[in-house]
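Participant: I would like the entire structure built from these sequences, with the hints used as guidance.
There are 2 protein chains.
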Amino acid sequence: MKLKDLGEFGFIERIKQGVTGGQGIHLGIGDDCAVLDLPPGHVLLTTTDMLVEDIHFRRDWTDLENLGRKSVSINVSDVAAMGGQPRHLYLSLGFPKDFPLEGLDSFIKGFLEACKDYEVTLVGGDTCSSPGPFVISVTVEGSVAKNDYVARRGAQPGDIIYVSGTLGDSAMALHLLQNGRSPDSFLIDRHINPQARTFLGAALAAAHVPSAMIDLSDGLLADLGHILECSAAGALVEETLLPLSPSFRIEHEKAPELIRLALAGGEDYELLFTVPPAKEDLLTGISQTTALPLTRVGRITGENLKLEVRDANGVLYTPSRGGFNHFR
Amino acid sequence: MKLKDLGEFGFIERIKQGVTGGQGIHLGIGDDCAVLDLPPGHVLLTTTDMLVEDIHFRRDWTDLENLGRKSVSINVSDVAAMGGQPRHLYLSLGFPKDFPLEGLDSFIKGFLEACKDYEVTLVGGDTCSSPGPFVISVTVEGSVAKNDYVARRGAQPGDIIYVSGTLGDSAMALHLLQNGRSPDSFLIDRHINPQARTFLGAALAAAHVPSAMIDLSDGLLADLGHILECSAAGALVEETLLPLSPSFRIEHEKAPELIRLALAGGEDYELLFTVPPAKEDLLTGISQTTALPLTRVGRITGENLKLEVRDANGVLYTPSRGGFNHFR
Chain A
37 MKLKDLGEFG FIERIKQGVT GGQGIHLGIG DDCAVLDLPP GHVLLTTTDM LVEDIHFRRD
97 WTDLENLGRK SVSINVSDVA AMGGQPRHLY LSLGFPKDFP LEGLDSFIKG FLEACKDYEV
157 TLVGGDTCSS PGPFVISVTV EGSVAKNDYV ARRGAQPGDI IYVSGTLGDS AMALHLLQNG
217 RSPDSFLIDR HINPQARTFL GAALAAAHVP SAMIDLSDGL LADLGHILEC SAAGALVEET
277 LLPLSPSFRI EHEKAPELIR LALAGGEDYE LLFTVPPAKE DLLTGISQTT ALPLTRVGRI
337 TGENLKLEVR DANGVLYTPS RGGFNHFR
Chain B
37 MKLKDLGEFG FIERIKQGVT GGQGIHLGIG DDCAVLDLPP GHVLLTTTDM LVEDIHFRRD
97 WTDLENLGRK SVSINVSDVA AMGGQPRHLY LSLGFPKDFP LEGLDSFIKG FLEACKDYEV
157 TLVGGDTCSS PGPFVISVTV EGSVAKNDYV ARRGAQPGDI IYVSGTLGDS AMALHLLQNG
217 RSPDSFLIDR HINPQARTFL GAALAAAHVP SAMIDLSDGL LADLGHILEC SAAGALVEET
277 LLPLSPSFRI EHEKAPELIR LALAGGEDYE LLFTVPPAKE DLLTGISQTT ALPLTRVGRI
337 TGENLKLEVR DANGVLYTPS RGGFNHFR
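Protein chains in written order, with the working numbering: chain A, 37 to 364; chain B, 37 to 364.
Bear in mind the hints are in silico, worked out from the structure with no lab data behind them. A virtual CB, placed ideally from N, CA and C, is assigned to each residue, including glycine. Be aware that one or more of the hints could be misleading.
Said to hold, decoys possible - If you want the ones that stay clear, here's a sample from chain A, every Cβ over 12 Å from chain B, calculated: (1) L72; (2) Y185; (3) R217; (4) N229; (5) A239; (6) P279; (7) R296; (8) G338; (9) R346.
What the hints assert, rightly or not - Per the computed footprint, the stretches of chain B lying under chain A, defined by three or more beta-carbons under 8 Å from a beta-carbon of chain A, are: (10) 73-80; (11) 110-119; (12) 169-175; (13) 185-199; (14) 341-348.
What the hints assert, rightly or not - Straight-line distance between alpha carbons at most 25 Å, and here's what the computed BS3-like set of lysine-lysine pairs gives: (15) K40/A - K145/A; (16) K133/B - K152/B; (17) K38/B - K133/A; (18) K145/B - K38/B; (19) K133/A - K145/A; (20) K40/B - K182/A.
Facilitator: Quick look at the structure:
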């Protein structure tokens with residue numbers, strides 16, 4: 037069957053049949069709006085992302101099932117960064133007229149599997165054709181107890197900067213692909229199927245550990261920069277402390293300058309958070325519960341917006357603010 | 037200045053400065069998520085729309101300021117159709133690299149003006165470049181008292197079918213444009229700057245008048261069809277009762293078959309709702325308060341999914357289900 041035979045409403049019906057679960061949903065897919073309840077005492081957390089073919093992804097570098105998964109993960113990651121539980125998703129798709137139905141089915145399969153993993157329910161969206169690229173727009177709503185959400189703005193001089201997991205794996209995969217090389221399966225997976233750290237974000241927030249938090253989408257330096265702007269603070273990052281995966285280290289040993297991929301490469305989707313020294317003790321238990329390494333990579337200083345890095349030779353430098361700029 | 041000199045964050049800062057108002061907003065634009073409160077006792081109403089250049093709009097048929105307004109109106113219209121008050125908007129834009137900054141400024145101007153009109157606040161979004169068309173994705177969150185929301189599913193045999201305003205004006209404008217003619221300013225305005233009926237929707241819902249409601253985006257027959265599917269009912273529509281504007285009538289008199297634009301033309305953004313006969317008396321006051329004509333166009337029948345139309349000669353016929361199908 038082709039997409040045009042199935043029709044818009046047939047396609048929506050097909051998606052609807054794959055949707056399961058969800059609490060507090062009065063009406064999901066199929067009315068003018070979704071109608072929803074939040075848990076009492078919670079605030080609503082909402083964020084949205086747009087993914088455009090040949091800007092955010094290439095169909096020859098990712099299969100559509102993983103693209104479906106990633107569309108959920110990168111969106112849900114922003115709810116994790118506030119310490120919240122993702123609850124409802126909205127998916128809008130604009131696709132080329134000749135888009136294969138099997139491709140869309142794969143995308144939806146990955147999308148709905150990721151929804152189950154994160155315990156979030158697809159409750160709405162929009163579909164249309166596109167005269168150009170495949171376009172994906174995802175909005176997620178989550179919630180968190182009113183006094184528990186963590187913003188970007190609370191970092192204080194003396195706070196310790198932590199990151200979860202390892203840094204630069206996704207950027208390393210992209211770097212190798214762009215140079216015609218084949219990344220190993222670990223690096224590829226980190227690039228095409230990143231995991232949002234929802235359990236970690238919620239555990240940190242519930243324990244009131246972080247003074248500020250953000251997810252790493254634009255790269256460590258750029259995202260730390262956002263925290264500094266919102267907190268009116270500075271930071272010192274130690275290159276030698278950056279947590280690197282074995283796969284990353286193999287490439288890094290051959291080309292030491294690739295440390296920039298851990299500093300400024302995007303799409304890690306790990307959490308970056310600042311912790312007052314008095315609360316550092318609480319991290320051991322949280323790291324064990326979530327089975328994620330939490331690594332100290334630097335500290336917050338009182339020098340407004342000054343972001344410095346100490347390299348492997350002990351030399352301090354001021355990096356250019358890296359990260360991905362869509363308007364360049 | 038060009039867009040690439042302003043940069044992504046400069047552009048977001050520019051938008052942020054134009055945002056005003058809003059209640060229950062802990063955090064708006066500028067963190068990983070917006071953080072929001074809803075009024076106590078309310079349910080959350082959320083919907084999303086994607087607009088793609090050359091599919092939903094042509095830049096030579098609309099100016100960008102009106103496109104900004106329309107992007108808000110068509111989205112907010114879905115909240116009106118549930119009887120809710122729109123509260124928060126999220127705007128994602130993908131634009132061609134050479135997109136003029138003045139064009140984006142015009143779009144944002146219209147967008148934010150419409151936000152003020154509907155008392156809704158822009159609290160988040162995403163921006164990126166597009167290798168193809170200009171792409172707009174808007175999500176709106178609204179709310180309504182828990183027992184007041186109106187779904188598509190409540191229509192009962194014997195209920196009277198009402199519509200607000202006049203039908204087919206937007207489709208008539210498009211029809212004339214497609215035939216190289218210039219619609220008058222009334223028809224053009226109905227096409228490029230439709231108004232969402234938020235006050236009407238809220239007033240109807242608060243008075244518990246409609247048994248079912250939907251906004252007219254796909255055309256009367258298609259949208260009535262959605263109500264019939266959700267309500268497991270049938271309907272009879274009277275062509276002679278359709279409310280037509282003076283501008284529509286001028287064209288209709290010359291070509292009577294254009295009545296199909298009032299039956300099946302899309303983008304009216306009026307409300308279609310069904311009313312138990314015992315509650316019809318309440319409509320006079322609501323029509324006066326909202327300064328909108330509310331017109332009886334037919335009735336709900338017990339014949340499951342049977343949708344019939346009586347034409348001007350008194351002849352009954354079963355129309356093909358019209359409306360816009362993006363997959364054709």
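Participant: Run every hint past the structure and note whether it holds.
Facilitator: Here is how each hint holds up against the structure:
no.: 1; hint: L72; in the structure: 4 Å, violated
no.: 2; hint: Y185; in the structure: 6 Å, violated
no.: 3; hint: R217; in the structure: 25 Å, holds
no.: 4; hint: N229; in the structure: 21 Å, holds
no.: 5; hint: A239; in the structure: 17 Å, holds
no.: 6; hint: P279; in the structure: 21 Å, holds
no.: 7; hint: R296; in the structure: 20 Å, holds
no.: 8; hint: G338; in the structure: 22 Å, holds
no.: 9; hint: R346; in the structure: 26 Å, holds
no.: 10; hint: 73-80; in the structure: holds (count 4)
no.: 11; hint: 110-119; in the structure: holds (count 4)
no.: 12; hint: 169-175; in the structure: holds (count 4)
no.: 13; hint: 185-199; in the structure: holds (count 4)
no.: 14; hint: 341-348; in the structure: violated (count 0)
no.: 15; hint: K40/A - K145/A; in the structure: 20 Å, holds
no.: 16; hint: K133/B - K152/B; in the structure: 29 Å, violated
no.: 17; hint: K38/B - K133/A; in the structure: 33 Å, violated
no.: 18; hint: K145/B - K38/B; in the structure: 17 Å, holds
no.: 19; hint: K133/A - K145/A; in the structure: 20 Å, holds
no.: 20; hint: K40/B - K182/A; in the structure: 39 Å, violated
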